[in-house]
Amino acid sequence: APDEGGFGPLPAWRGEVVWPRWAHVPGTGGRPDRAPLEAAKRLVRKPMRAEAWESDEAYRHGAALCVNGFFWEAHEVWEAVWMACPPNSREQRLLRALIQLANAGLKLRMGRPQAATRLLNEVRSLLADLDAVGANRTFMGVPVHALASHIE
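Residue numbers (the numbering used here): 241 to 392.
No wet-lab data here; the hints were simulated from the structure. For clarity, every value in this text was computed on a predicted model and none was experimentally measured. Any given hint could turn out to be false.
If you anchor each label on the Cβ, the simulated ranges turn out as follows [claimed, not checked]:
#1 326 x 362: 30 to 36 Å
#2 290 x 350: 28 to 34 Å
#3 357 x 307: 18 to 24 Å
#4 328 x 378: 30 to 36 Å
#5 378 x 351: 32 to 38 Å
#6 392 x 271: 33 to 39 Å
#7 268 x 308: 16 to 22 Å
#8 351 x 262: 15 to 21 Å
#9 291 x 352: 32 to 38 Å
#10 362 x 307: 17 to 23 Å
#11 368 x 273: 33 to 39 Å
#12 351 x 258: 27 to 33 Å
The beta-carbon is built from N, C-alpha and C at its ideal position, and this holds for glycine as well.
Required output: the full structure, derived from the provided sequences and hints.
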């Protein structure tokens, strides 16, 4: 497990959270390593609030998964966090952007660059929306404007 990943130092995970043994890629005939994902999803706090992101283990575990190429797994964990966000909130918009960013990484791994481009366009739109509501510096550990520029 890494110590860094663009989301600041990642916390030590509770004993119940372990890394998947492999990165799942749909369509390859393999099955996902579900037990670690279910353990991470059990850590989701409701409601998910921006001010608590640094101590939110599920959110940060999703970040660590994504940064380390576990795109399908990151999507699974972040989707559970997204469902815990207040409806129509900045938190929910950021989580949707991160989920689609992980999906884009997965589509590239699957050799589907057009699908990845479509997803990245959605990520850019979501990040622009966050930027417009004042999250242009860093929001929940994500440098919103810098990430949008990097995607360009």
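Would you list, in rising numerical order, the hints stated earlier that this structure does not obey? Going through the list in order, the structure violates hints 1 and 4 and respects the others.
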